[in-house]
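There are 2 protein chains.
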Amino acid sequence: MAKCKFCDKENYIKLKSPNMYLCKEYFVEYFENRVKKSIEKYKMLNKDEKILVAVSGGKDGHAAAWVLKKLGYNIELFHINLGIKDFSEISLETVKKLAEKLEVPLHVVNLKDITGKTMEDVRGKKCSICGTTKRYLMNKFGYENGFDVIVTGHNLDDEVSFILNNILNWNIRYLAKHEPVLPAHDKFLKKVKIFFEIEEELILKYAEAEGIPFTTAKCRFAEKAITLKHRAYFNELEKERPNIKYQFLSGYMKNRHLFKVEDENFQFRECEVCGMTSAGRICSFCRVWKLYKKKK
Amino acid sequence: MAKCKFCDKENYIKLKSPNMYLCKEYFVEYFENRVKKSIEKYKMLNKDEKILVAVSGGKDGHAAAWVLKKLGYNIELFHINLGIKDFSEISLETVKKLAEKLEVPLHVVNLKDITGKTMEDVRGKKCSICGTTKRYLMNKFGYENGFDVIVTGHNLDDEVSFILNNILNWNIRYLAKHEPVLPAHDKFLKKVKIFFEIEEELILKYAEAEGIPFTTAKCRFAEKAITLKHRAYFNELEKERPNIKYQFLSGYMKNRHLFKVEDENFQFRECEVCGMTSAGRICSFCRVWKLYKKKK
Ligand SMILES: [Zn+2]
Ligand SMILES: [Zn+2]
Ligand SMILES: [Zn+2]
Ligand SMILES: [Zn+2]
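Chains as they are written, first to last, in UniProt numbering: chain W, 1 to 296; chain B, 1 to 296.
These are calculated hints, taken from the structure and not from any lab test.
Note that this is a predicted model, so its numbers are computed, not measured.
A hint or two may mislead.
A pair holds if it fits inside one copy or across any two, identical chains being indistinguishable in the list.
[Unchecked claim] No more than 16 Å apart at the CA atoms, straight line, and that leaves these computed lysine to aspartate or glutamate pairs for EDC-like:
id, residue 1, residue 2
1, K224, E236
2, K101, D121
3, K14, E179
4, K224, E240
5, K9, E29
6, K190, D113
7, K97, E40
8, K37, D86
9, K14, E100
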């Protein structure tokens, strides 16, 4: 077995770009340095900000919380109990383990307490509804509890497959919007993706190296999204063109201004039901969960 | 077996979009109508133009010549003998058969007569050199022999995989340039891709239905281009999203203005060696074949 580039230990991982073998210890250092560099490069976070990290039980959010804690940021955890049989119980258990290990506060919001329903009850496109629901609830909780910023675990693989999908469909409006830092706006908190430039595979290896608790349980409602195909295709392309994901993302960041089409008439307002910042009269969360009916 | 949508015959092909079975006769009619519509939509060709069709021996150029002749256009064929062992002989044989069947003039240019070398002799990236060589020679021949336009067999699959590749590499300059009709400029003749919107699979079925002579022989120098992967990936995506290739191309045509970055200082000039229109002091053909050396 090949040895670590920097010491005599056996390698834990083979990096592709730069091409080198690293032992577990040096890989952890390398990984944390890369995250640090991303944070500096995009001015993502400050040490005096109150940071809410969204954790689902999966590796990405958990690794995000872990590395931020190690880097000395002021974090607390946020989890939504979606009420999905088995899956939600396992997820909650895992999130609790993480909070214990990190010794940071964990806030859990039950979807049922707010909407009277769970993801089991909802009809229609569950994945899309779930996404809207999570974004809304984590923003609302962070806003009402004095947090400065929300951190999510979205990684390089997520970003490139979303961007490719928006290109294949020529969703120009969305194509301007992929960014590592989304500034605060009205009642929308600042949102940060600390793994914007980091490959999913590295996050998994980091989580394993550090013994971070996480679950690989999958929601049984998860749709076979076409973005899963794009992810697999990027991994296929990586075999011939190592680093193509990162280069594609860098090229995107340099060129995304091309897709900026201003809509001067557009203005955010307050949702008539919940009062949060909204694009329309009633925000998508209140629409999806039909909360306006209760008000009548 | 399913029957043709329009008659009692057995189906020859199942189209995906619109979803229907067609017998051989109705498919040929359908195919020729689609080409006719492309020609009208993009104002590609006129009946009084003198058209030079580039034929390599493969199905695409041959089907292009075939359908144009059937639609009543004034065509002649142009072929380059690249001097590649076996491959060039088979190609030339097939092209001659096509010319006989169509009863149209065939012009053959031997690379060796012009450069003193063949594609066997050349070093470096053969595929790229071959592409430059073909584009140059067909344009030069057309220009010197009074043709109005050059038609090539590039199809929908070629276009979408080129576009995707240019996006993945963020070649913005190239991204503005994919078009079905490239207008004439100085000594560059007008170039037309009549199959710009037509799937490769349909062209193959058309060539087979019509008994068009063509060879499937592959050049032994052909590089495993990454665009081949993109082609396969689009076919993979088509299974889940029928017509995605066509829709992607349509979206591209609507949005390609986003990539138009004007370079006001750029101007074409005449190649100092051959006198043809060129981007630089010496055109890429004369550079690749080192023709300037002979002049000294
Ligand atoms: Zn080491
Ligand atoms: Zn609302
Ligand atoms: Zn029929
Ligand atoms: Zn020249």
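Against the structure, the hints come out as follows:
{"no.": "1", "hint": "K224 - E236", "verdict": "between (19 Å within a copy, 14 Å between copies)"}
{"no.": "2", "hint": "K101 - D121", "verdict": "neither (33 Å within a copy, 67 Å between copies)"}
{"no.": "3", "hint": "K14 - E179", "verdict": "neither (28 Å within a copy, 43 Å between copies)"}
{"no.": "4", "hint": "K224 - E240", "verdict": "between (26 Å within a copy, 11 Å between copies)"}
{"no.": "5", "hint": "K9 - E29", "verdict": "within (15 Å within a copy, 69 Å between copies)"}
{"no.": "6", "hint": "K190 - D113", "verdict": "neither (26 Å within a copy, 67 Å between copies)"}
{"no.": "7", "hint": "K97 - E40", "verdict": "neither (30 Å within a copy, 66 Å between copies)"}
{"no.": "8", "hint": "K37 - D86", "verdict": "neither (38 Å within a copy, 56 Å between copies)"}
{"no.": "9", "hint": "K14 - E100", "verdict": "neither (32 Å within a copy, 59 Å between copies)"}
Going down the numbered hints, you'll see the structure goes against 2, 3, 6, 7, 8, 9, while the others check out.
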